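Each chain is listed here by its residues.
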Amino acid sequence: MQIIQPHYHGIARTTQDYERMAMSGVVAVAEPAFWAGFDRKYPETFLDYFRQISEFEPTRAAQYGIRHFCWVAVNPKEAENPPLSREVLRHMPEFFQKPTVLGVGEIGFHKTTRNEEEIFEAQIELALEHNQLILIHTPHLQDKVRGTKRTLEVLAHLRVDPQRVWIDHVEEHTIRAPLDAGYWVGFTLYPITKCSPKRAVDMLEKYGTERILVNSSADWGPSDPFTLQECIREFRRRQHTLQETLEVFHNNPCRFLGQCPKFDIQPIRVEAA
Amino acid sequence: MLTPAEVLNACFLETRCQLLEIGAMLDRLDRAVAPGAATKRPADERLAKIYQSLALLADRETTPDRAERLLNLFSDPA
Numbered sequence: 001m002q003i004i005q006p007h008y009h010g011i012a013r014t015t016q017d018y019e020r021m022a023m024s025g026v027v028a029v030a031e032p033a034f035w036a037g038f039d040r041k042y043p044e045t046f047l048d049y050f051r052q053i054s055e056f057e058p059t060r061a062a063q064y065g066i067r068h069f070c071w072v073a074v075n076p077k078e079a080e081n082p083p084l085s086r087e088v089l090r091h092m093p094e095f096f097q098k099p100t101v102l103g104v105g106e107i108g109f110h111k112t113t114r115n116e117e118e119i120f121e122a123q124i125e126l127a128l129e130h131n132q133l134i135l136i137h138t139p140h141l142q143d144k145v146r147g148t149k150r151t152l153e154v155l156a157h158l159r160v161d162p163q164r165v166w167i168d169h170v171e172e173h174t175i176r177a178p179l180d181a182g183y184w185v186g187f188t189l190y191p192i193t194k195c196s197p198k199r200a201v202d203m204l205e206k207y208g209t210e211r212i213l214v215n216s217s218a219d220w221g222p223s224d225p226f227t228l229q230e231c232i233r234e235f236r237r238r239q240h241t242l243q244e245t246l247e248v249f250h251n252n253p254c255r256f257l258g259q260c261p262k263f264d265i266q267p268i269r270v271e272a273a
Numbered sequence: 001m002l003t004p005a006e007v008l009n010a011c012f013l014e015t016r017c018q019l020l021e022i023g024a025m026l027d028r029l030d031r032a033v034a035p036g037a038a039t040k041r042p043a044d045e046r047l048a049k050i051y052q053s054l055a056l057l058a059d060r061e062t063t064p065d066r067a068e069r070l071l072n073l074f075s076d077p078a
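Taken in order, these protein sequences are the chains called A and B. Per the numbering used here, numbering of the first sequence is gapless, rising by one per residue and ending at 273. Per the numbering used here, numbering of the second sequence is gapless, rising by one per residue and ending at 78.
Extracted from the complex, chain A is given alone in its bound form:
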């Protein structure tokens, strides 16, 4: 089965991941810009990072036939430093011209501070000005409810098209409001701290499959890109058809990411409608 991994931090992973993902059916990944595990001191460090994910990483994935796309942004944690963030933002439009950059992400809240909110709004404005898709991170663990609520309040005051915004890392207690407001949402499958494959399938069964993306994230922390395949196996084990599985794990990423013309992978239909 063909799979798209819509949120994947390839720079934190070995090349063997790409090889094994290719063997398991992954045809494309999309890599948001994120926190490197330490706070960077210089804007130029971000710009080299953006070069890495928009120029080098696609060549690494291509060795295994995987298409690699990416997003650029100042992540929520480092947005706590507005002067540094604004200097990075000044250069981001240069990267919007790259052939594999899909939009601005991941942005949003980490601790839901005033500084984070200032840079969150600035990045949304930048995305709107340049007609970019938007990918929003929501906080981990006990901060998630407050951060998600504030995210929706901020978005409501800006002239965003909800269809072009993906709010990621939702769980059972934060899924309803973004879906009701018309946004896309994402489930991030992590071994301990986010959503499990079984719980993700529970939510797909409860809320339906429209405007939902499932991803493994997979970064430098305890994470596993193959939780996505584990979720697919669980979805199939519960007797959902191959076409239904494709709709969630291949076609929905095509529908959301395909709003950027650079993402040219088309939805697949294997069963008669």
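FYI, nobody ran anything at the bench for these hints, they're computed from the structure.
A few chain B residues facing chain A, derived, Cβ under 10 Å:
1. LEU13
2. GLU14
3. ARG16
4. LEU20
5. GLU21
6. MET25
7. ARG28
A few chain B residues that face chain A, going by a derived Cβ cut-off under 10 Å, partial list only:
8. CYS17
9. GLY23
10. ALA24
11. ASP27
12. ARG31
Quick caveat, the model's predicted, so the values are computed rather than measured. Glycine residues also receive a C-beta, built at the ideal position from the N, C-alpha and C atoms.
Position chain B against the provided structure of chain A, taking the given hints into account.
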């Protein structure tokens, strides 16, 4: 031996995750009950043991042999 704080630091997130999985499984079971069924849940001894286990775990004023008692609860009579 770890201090109480060290035990919590090491195990809190993992335990939170395990509790979520239990909650989600019970939700899944409830949703699986056909609409209009006479009983909310199947009369299954395994389910009864799951709820007995949760009651056992909810008792804070008890002895530190919960794992042993859980295993005995899930065992056939000797």
